[in-house]
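**Student:** Quick one: dock chain against chain with the hints and give me the complex.
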Amino acid sequence: MNSSRYKDHLGRPLVAVTGLGVVSSLGQGLKDNWRALTGGVSGIHAITRFPTEGLPTRISGTVDFLDLPAPNAVERSYAMARSATEEALSQAGLSGDFNGPLFLAAPPIEPEWIQRFEIAKRAPAATKPGDVYVRFLAAMREKPDPVFRESVLFGAISERLADRFGTRGLPVTLSTACASGATAIQLGVEAIRQGRTERALTVATDGSLNAEALIRFSLLSALSTQNDPPEKASKPFTKNRDGFVIAEGAATLILESLEAAEARGAKVIGIMKGCGEKADHFHRTRSSPDGAPAIATVREALADAGLDEDGIDYINAHGTSTPENDKMEYLTMSTVFGDKLKSIPVSSNKSMIGHTLTAAGAIEAVFSLMTIATGTLPPTINYEIPDPAIDLDVVPNVKRDKPVASVISNSFGFGGQNACLVMTAEPA
Amino acid sequence: MTRAANDVVITGIGLASSAGVGHAAHRALLTGGFERPNVDVERFAPYYVHPMPEIDWSQQIPRRGDQRQMENWQRLGVFAAGLALDDAGFKEDAEGCATMDMIVAAAGGERDQAVDSMIVEEAATRNDPETLLNEKLTTELRPTLFLAQLSNLLAGNISIVHKVTGSSRTFMGEEAAGISAVETAFARIRAGQSSHALVGGAMNAERSDMLLLVAAVNGLATGDWQPLWSRDAAKGGGVALGSGAAFLVLESRANAEKRGADIYATLEGVAGDRGSRDGAGLEKRVRRLADETGAAGKSDTLVMSGASGLHDITAAERDILGRIFPSSPVRGYAGATGHFIEAAFPLGIALAALALRERVAVTAFDAASEAAMNGPSASAVVTTFGHVRGEGIAVLSAEG
Numbered sequence: 076m077n078s079s080r081y082k083d084h085l086g087r088p089l090v091a092v093t094g095l096g097v098v099s100s101l102g103q104g105l106k107d108n109w110r111a112l113t114g115g116v117s118g119i120h121a122i123t124r125f126p127t128e129g130l131p132t133r134i135s136g137t138v139d140f141l142d143l144p145a146p147n148a149v150e151r152s153y154a155m156a157r158s159a160t161e162e163a164l165s166q167a168g169l170s171g172d173f174n175g176p177l178f179l180a181a182p183p184i185e186p187e188w189i190q191r192f193e194i195a196k197r198a199p200a201a202t203k204p205g206d207v208y209v210r211f212l213a214a215m216r217e218k219p220d221p222v223f224r225e226s227v228l229f230g231a232i233s234e235r236l237a238d239r240f241g242t243r244g245l246p247v248t249l250s251t252a253c254a255s256g257a258t259a260i261q262l263g264v265e266a267i268r269q270g271r272t273e274r275a276l277t278v279a280t281d282g283s284l285n286a287e288a289l290i291r292f293s294l295l296s297a298l299s300t301q302n303d304p305p306e307k308a309s310k311p312f313t314k315n316r317d318g319f320v321i322a323e324g325a326a327t328l329i330l331e332s333l334e335a336a337e338a339r340g341a342k343v344i345g346i347m348k349g350c351g352e353k354a355d356h357f358h359r360t361r362s363s364p365d366g367a368p369a370i371a372t373v374r375e376a377l378a379d380a381g382l383d384e385d386g387i388d389y390i391n392a393h394g395t396s397t398p399e400n401d402k403m404e405y406l407t408m409s410t411v412f413g414d415k416l417k418s419i420p421v422s423s424n425k426s427m428i429g430h431t432l433t434a435a436g437a438i439e440a441v442f443s444l445m446t447i448a449t450g451t452l453p454p455t456i457n458y459e460i461p462d463p464a465i466d467l468d469v470v471p472n473v474k475r476d477k478p479v480a481s482v483i484s485n486s487f488g489f490g491g492q493n494a495c496l497v498m499t500a501e502p503a
Numbered sequence: 002m003t004r005a006a007n008d009v010v011i012t013g014i015g016l017a018s019s020a021g022v023g024h025a026a027h028r029a030l031l032t033g034g035f036e037r038p039n040v041d042v043e044r045f046a047p048y049y050v051h052p053m054p055e056i057d058w059s060q061q062i063p064r065r066g067d068q069r070q071m072e073n074w075q076r077l078g079v080f081a082a083g084l085a086l087d088d089a090g091f092k093e094d095a096e097g098c099a100t101m102d103m104i105v106a107a108a109g110g111e112r113d114q115a116v117d118s119m120i121v122e123e124a125a126t127r128n129d130p131e132t133l134l135n136e137k138l139t140t141e142l143r144p145t146l147f148l149a150q151l152s153n154l155l156a157g158n159i160s161i162v163h164k165v166t167g168s169s170r171t172f173m174g175e176e177a178a179g180i181s182a183v184e185t186a187f188a189r190i191r192a193g194q195s196s197h198a199l200v201g202g203a204m205n206a207e208r209s210d211m212l213l214l215v216a217a218v219n220g221l222a223t224g225d226w227q228p229l230w231s232r233d234a235a236k237g238g239g240v241a242l243g244s245g246a247a248f249l250v251l252e253s254r255a256n257a258e259k260r261g262a263d264i265y266a267t268l269e270g271v272a273g274d275r276g277s278r279d280g281a282g283l284e285k286r287v288r289r290l291a292d293e294t295g296a297a298g299k300s301d302t303l304v305m306s307g308a309s310g311l312h313d314i315t316a317a318e319r320d321i322l323g324r325i326f327p328s329s330p331v332r333g334y335a336g337a338t339g340h341f342i343e344a345a346f347p348l349g350i351a352l353a354a355l356a357l358r359e360r361v362a363v364t365a366f367d368a369a370s371e372a373a374m375n376g377p378s379a380s381a382v383v384t385t386f387g388h389v390r391g392e393g394i395a396v397l398s399a400e401g
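So the protein sequences, as listed, match chains G and P.
Here the first sequence stands for residues 76 to 503, numbered as in my numbering.
Here the second sequence stands for residues 2 to 401, numbered as in my numbering.
The shape of chain P in the complex, shown without the other chains (with noise of 0.2 Å):
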């Protein structure tokens, strides 16, 4: 392809998850082989998880006043954020932090669940349920959870930690925040917006009430883990969820030049959309956006699938892949980290960048359904079809 000043770029990459910290913990996920991934069947059963890697907080956030001001999502966000700078070479580059955009993809954040538990509790023996609310929440709650609640809070520690204060802009609604949150990022860079900008999310997989939001419709797989394609409709609704997060360093060609830095892969195109998914219309909309992003002309591609696993979602995604992309292979990657919800997409792309700067054919993650590759692919589509709404599609090329 030809290249332009403008060309939206991947200059840093920060990823943690149930595989590891870092891109040599990545690398060995996407080439090693993959069996089985770490995954945590006993802690929240029936239902699994694939929980957070061993971390040394203080690589990334090196107050422990700053660690303590956190709950483990924002410290995973955080964590892989800074992971992302330094690999984009900003993390000692003030002004170049202090002129860099912020997208982060974010939910809720963690409940007390001691104080909750406390307070339904008696609420159960009292009639008067709303009072005991009120002298429970003003005598139990700490008031610094708040800020561990608070969904912008995660870009705020960032910019706490990292000083990353361009812009700090923070998206919700499930895995359609991830893939807005790549779709305007890369959007800005191409109009001139903006010229360099972080992009990412975090997920704390391993908490009951997170867990709640997809088991309330039993979303969840139960038992032990099986492959992302292959899992048993009568094991549960098919998702587990995963603990990690993934950021990115966006960038204009200009930029990145001029900065000598490092470019893993551009971003050709990204575009998200949400409607029905009744009929044919789920099918008719991913083939325009894989018509708006370029991703339909690409054949021989990497196709890095975020399906959830949930499982009619994740079988018509399979299906619509295949007629779109028939002679390409297809990693479902949540199989591998388990799912991100919000990060999904970022993450995504991030494996993608790093498979196509590290010229590796990626591993299957489901044998018995994903064909074998045999040798590295020159481009890669990243798709996310959320669990509920929302599917995005973005298209990555290697650099020549």
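This is chain G alone, in the form it adopts within the complex (with noise of 0.2 Å):
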């Protein structure tokens, strides 16, 4: 064994990942969440938190099994990525204080509705329209109210993760919309291959489903409104989707150097070995007809890895199951891939979990990993009207036993967000 071990193939430090923790509709933990999403089991949902009536789209992959001591979405969130950084770390096999910086993909936060009702109710009266704000000021200057102040702060959810797992330095809270789960785990790898730290928390999570949410993405016309049966609705890739399903969830993964993983004996589940964005100048909620940047930031990510479109053997894609990303993401995966895409298998994890916005380029790198690791392959479920224009091999509906030994997982999001992640099995 010689250092050369320890480095990728421009002699940077290669990043294991060594602890993985998981939390999403299908449940909490690895072991229950890896069970349903081979098993096909759907997330979705029926939604209960607050009345969907009249609503176009009543269905959704909301987390609705933890206590929380307030309903609102910092709570949520907090609740969510605690539950999935205790299992990375003792799957890690780490205590103590974690002595790594933190960097945290959270959903934007806002008020709740019914923390304004709340506030409205020991305001003064309106005096003109469109005051409301101005009545909330003089109802704060009667009483003040740090608990609502702390529960509409971006960084509340990273002060408590860094307070409880002792992490070091001023914690990253990010958001790269449907991409910030990839966008964490690449500042995790840039600051373990600048050499400022041994190791990373990586953490993303969204527990922010509330009506304004669900209305605001509807009146994008992105969300499936294939409410019955909720559990057919996510069906990425096929000719009838129609939108993707809102869900909830947050995800970790324990970077660490390879070489001091190894060092204190850690056990390694696999490596990050590339990462790769790019962002799109076109339009505010849609992608370059052309798939330009899309196919830069795959190409990107494979440079990065030091690998060619030979080199992967599944891709685990972002597959929201909107007409708009899963053609242009074809478009992408053909592009980079040409005739080789035939034979790479293509999954959707969002069949089964729905689309969980900030978390989700996280909780998908932890099921590429298991994927790596277990030599499973998830499947693609409710794939039963091909879309022609999309010749994949989408895993249909059964998962496929098949051993990889590299993934790419695939992230894009409104604002022009593109990031790709490239993952490998341990080096022999």
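Derived by calculation from the structure, the hints in this document are not laboratory data.
Heads up, the beta-carbon is just placed ideally off N, CA and C, and yes, glycines get one too.
Here are the computed distance ranges between Cβ atoms for each label pair: (1) G:G270 with P:E258: 22 to 32 Å; (2) G:G270 with P:D320: 34 to 44 Å; (3) P:G66 with G:T410: 23 to 33 Å; (4) G:I460 with P:S277: 53 to 63 Å; (5) P:G66 with G:R124: 33 to 43 Å; (6) G:R239 with P:R360: 45 to 55 Å; (7) G:L143 with P:S277: 20 to 30 Å.
**Tutor:** Here it is in structure tokens:
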């Protein structure tokens, strides 16, 4: 064994993943999630968190099984992130202060409507149209509300995680929309390659589903309206796909330099081999029709990993089940991989867990690493009417046993966000 | 200091604040014999805000359609980002923008106050407020408002308008977001992971929904403007928010020299941390940051403090800075521009870089507690202590 074993093709430290944790609508923890995911089970259900009568979309993949001190996005996002992180640290065999940086993908936070209704009860009456926040300011002068304030600060989730797990330095809370989870991992990889740290805690969480979030996405025509039965709504790459299913979840990955991981005798789950990103300037919600930024993203990730298109065994697709994404993603993959794509299985976890938004990139990275570790490809469920324009082996409906040594995971988001991760098995 | 190819240098500055737009207005702010800033004491009384200056958006956002797709926090940010790109000579450099990394420090966007008011008022008369909420949100919300609210859509709009597409990352979390944005871009350029990056943030203070976040703990100053370090504890919490935006182009020295770009200053070090502020914890942490960044070794330096004005932490910062930099003048720039929250740290770095490049002594913004500068400084230390949490320090040196 020599030191080159710990370096990549560019002489940078290899980054190992030594701990995984996950929460999704399929359950709490890796074991339950992986069993359901490989069993083709959907976590999508009718929404009970708030009334949905009359709304075009009434289904989601909310996480409703955690005890929360208060029903708001900060508490829910924090609880899921904490659970995933505890699991990942335990798997990595780490206890005590983490002593590395925290990179957290978290949803943009706004007050919940119930909070607005509560403040209104003690606020003076309206004096002119549109003055509700003026009334709220008056209510706060009368009686400040630090609990309200902390529940709407964007830095509140990372602050609590940093205290609980003893991370080092200023935690980064980030959003790259639906690519956020991948970006958090990318920041962790970069920090280790910089030599600034030997380990990084990368977490992504999204517990922000409420009526307004659902309606906002509905107004952009982004969501599936095929409410009945809920578990059939998310159907990536099919001809009758009609939008994504909004969902919640969290994932944590413990990243360490391979050298540091082996030195402490940690079990290595896989290698975070490369990352790519490229912004799109075409439109606020739509991708460039030629797919150029997404294509550049995947190619950059492959180059960063020192692999070419022959080096990828499986693709964990973004696969949202929107007409536009799946078409654009197919264009991207067929351009990058050419004829070789026919022999690369591509599945979408979102067919079962829905689109976990901020958390998606990290949850799907966890499942990608599980695919490498177990040799089981999770299926794309609800694949009943294939889209003839999308010629993919989507691992339709039933899992497949196939050893894979390398996986890419794609993430694309509003605002021109594109990210791609390359994960491989531990080097021999 | 010895120069290295991977030094992080500042080659572009884009500023908009209540003092005006661009370099001339901010040079005047730094040197002009400051008496009283531009504040609006009436619109949000009893609070006051530093309003955005008059801006011809079309100078940096030529398409009306793009202007319409944004709310003011985004317009301010896209505008200042354009100024910074122009300043650095990247505006017409399509390849340079296509390979440029971007980190934006952002909060959430603006609420539709008319819709929110209508819902709250009608909900008070109904026993099924959640059903009403669904009806009203479905019929009253502008579909595109979402895109003016999502945090990462400031960066998204910069990509659309200025074609900056090497990468696009948005950091959130109040002042710490701005500290981490600069810290991350700095570390990447130092390590050779990035050659040039656009970093900054924007703030629209002229919104009651934004004021609410600080007012919820009685954090806002009330009455008329007072100098930053001299705010009366009987007149509110001490914070006056300011509208504006600050963007920087950071670059490796090698990249800047290859392009023949003018260099404002070298960013020698950047670091941030957070933790308990009780007891000696805060000072211990800040001293460590000062050591790590090289700030502790600077004497007779210009200290640009991003203090928010919030009484206790602002007083604590003043004391700590006085002990770490006993011979250096301190300038609390939020007294002049208002507090920018996410953009506070980039703003301080931009003002410091401008002062170093122009070789000017910076005027006191609070003459009673800020010592006069006798001449220009060769270095600057920029601090930001978040109004709730997080502390950061940057060290800049003038080009020789």
